[in-house]
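Participant: Sequence:
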Amino acid sequence: MTNHVLFVHGVNENDPNYAQDLISLINARSITHEKIHNISLKWYDTTKEQEKTVLTELQASKSVWDGMWFKNLREHDLLQFVGDAALYLSQHIAADAISALHEEMAKELSNYDEKNDALHIVAHSWGSVILFDILFAARWDKTDCNCDRRNNDEKIVNAINQVDEIRSKFWGLGADEKTKYTGIKIGSISTMGSPIAFYSLIVASNSSHDISQNLNSIVRDGLVWQNFIHRGDLIACPLEKLLSDIFKEENQDCIKVKDFLTNNSLSEPILNMLNLTKYTSPLVAGNAHSSYWKSEFVAQKIAELTVACTEIK
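If you're matching positions, the sequence shown starts at 13 in the working numbering and goes up one per residue.
If you're looking for bench data, these hints aren't it; they were derived computationally from the structure.
Watch out, some of these pointers could steer you wrong.
Claimed, not checked - In silico DSBU-like cross-links for lysine-lysine, where the CA-CA straight-line distance does not exceed 35 Å:
| id | residue 1 | residue 2 |
| --- | --- | --- |
| 1 | Lys47 | Lys268 |
| 2 | Lys83 | Lys181 |
| 3 | Lys74 | Lys268 |
| 4 | Lys83 | Lys64 |
| 5 | Lys154 | Lys270 |
To be verified - FRET-style restraints, in silico, Cβ to Cβ:
| id | residue 1 | residue 2 | range |
| --- | --- | --- | --- |
| 6 | Trp81 | Glu316 | 38 to 44 Å |
| 7 | Thr68 | Tyr193 | 33 to 39 Å |
| 8 | Ser75 | Lys154 | 30 to 36 Å |
| 9 | Arg86 | Ala118 | 47 to 53 Å |
| 10 | Met80 | Ala40 | 25 to 31 Å |
| 11 | Ala187 | Glu69 | 38 to 44 Å |
| 12 | Asn39 | Asp78 | 24 to 30 Å |
| 13 | His104 | Ala40 | 41 to 47 Å |
| 14 | Asn173 | Leu101 | 16 to 22 Å |
| 15 | Arg243 | Glu316 | 18 to 24 Å |
| 16 | Ala40 | Phe272 | 25 to 31 Å |
| 17 | Phe272 | Asp33 | 33 to 39 Å |
| 18 | Glu177 | Ser75 | 35 to 41 Å |
| 19 | Val76 | Asp33 | 34 to 40 Å |
Glycine included, every Cβ here is placed at the ideal spot set by N, Cα and C.
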């Protein structure tokens with residue numbers, strides 16, 4: 013048996029080895045003798061040019077821009093987070109990210125034992141939204157409607173076909189009813205600093221962004237979802253209640269969702285009492301949002317979960 017651990021990064025990331033610290037922490041805490049195959053997906057090049065153009069135009073308003081607070085935060089974390097969100101809503105732009113992820117997933121998941129292997133997803137920040145959009149969102153479902161406006165955009169058509177190929181690798185997500193319940197099973201999902209709750213991806217029924225129908229398809233055989241939140245992370249949101257509302261009644265016993273606060277630093281009550289100044293709050297929030305990759309607590313929980321799934325198998 014092999015546990016395949018699929019890592020997906022968020023915004024403001026350009027290091028191909030972004031997951032290595034967390035991987036090392038997980039390996040150091042793993043007590044299973046089963047093989048672990050770590051996969052670090054990368055999509056960070058797909059929106060850089062558009063965001064660079066926007067930043068250049070903002071900086072051109074020199075008299076105003078130079079006098080604004082938090083310029084580093086605006087130019088990096090904020091621009092990339094909001095920029096990626098705005099750009100990705102367009103299927104034409106999202107197609108570039110899908111193309112990059114399709115190539116990597118086709119290579120890394122080309123050989124697995126369908127009966128015995130398990131896949132564990134570890135997704136950070138906006139990466140969690142992108143991955144779940146690809147795996148579950150209705151807007152990438154294939155359609156037989158020739159009048160569908162998507163058929164007029166070659167990039168979108170290619171992306172839909174690529175999404176279909178990606179989904180066919182996962183149990184419960186294949187488009188063909190005969191092969192729907194074949195492929196590797198998703199044993200667990202771990203989200204870190206995830207903004208899913210901010211978007212209509214899981215709460216807007218009958219929306220093209222709705223993920224509830226496809227998500228319900230994979231929980232029939234059981235799914236554990238743990239969501240990590242740093243207390244100072246402004247992007248992270250609780251998911252326990254939100255997710256429980258979208259699962260069908262017959263699947264309620266098949267899904268276990270748990271929110272975890274990742275830190276109990278003695279300094280944080282002091283920061284709360286000080287109410288954080290305009291200078292310290294962006295620094296704390298930025299560090300909090302990237303903290304998961306070096307969190308011993310997160311590593312421990314993921315290691316425990318892979319062992320639990322191994323024992324269940």
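Participant: Now look at each hint and say whether the structure bears it out.
Facilitator: Against the structure, the hints:
no. : hint                           : result
1   : Lys47 with Lys268              : 25 Å, holds
2   : Lys83 with Lys181              : 43 Å, violated
3   : Lys74 with Lys268              : 51 Å, violated
4   : Lys83 with Lys64               : 15 Å, holds
5   : Lys154 with Lys270             : 32 Å, holds
6   : Trp81 with Glu316: 38 to 44 Å  : 42 Å, holds
7   : Thr68 with Tyr193: 33 to 39 Å  : 50 Å, violated
8   : Ser75 with Lys154: 30 to 36 Å  : 51 Å, violated
9   : Arg86 with Ala118: 47 to 53 Å  : 37 Å, violated
10  : Met80 with Ala40: 25 to 31 Å   : 43 Å, violated
11  : Ala187 with Glu69: 38 to 44 Å  : 41 Å, holds
12  : Asn39 with Asp78: 24 to 30 Å   : 46 Å, violated
13  : His104 with Ala40: 41 to 47 Å  : 43 Å, holds
14  : Asn173 with Leu101: 16 to 22 Å : 21 Å, holds
15  : Arg243 with Glu316: 18 to 24 Å : 22 Å, holds
16  : Ala40 with Phe272: 25 to 31 Å  : 19 Å, violated
17  : Phe272 with Asp33: 33 to 39 Å  : 19 Å, violated
18  : Glu177 with Ser75: 35 to 41 Å  : 51 Å, violated
19  : Val76 with Asp33: 34 to 40 Å   : 38 Å, holds
Checked against the numbered hints above, the structure breaks hints 2, 3, 7, 8, 9, 10, 12, 16, 17, 18 and satisfies the rest.
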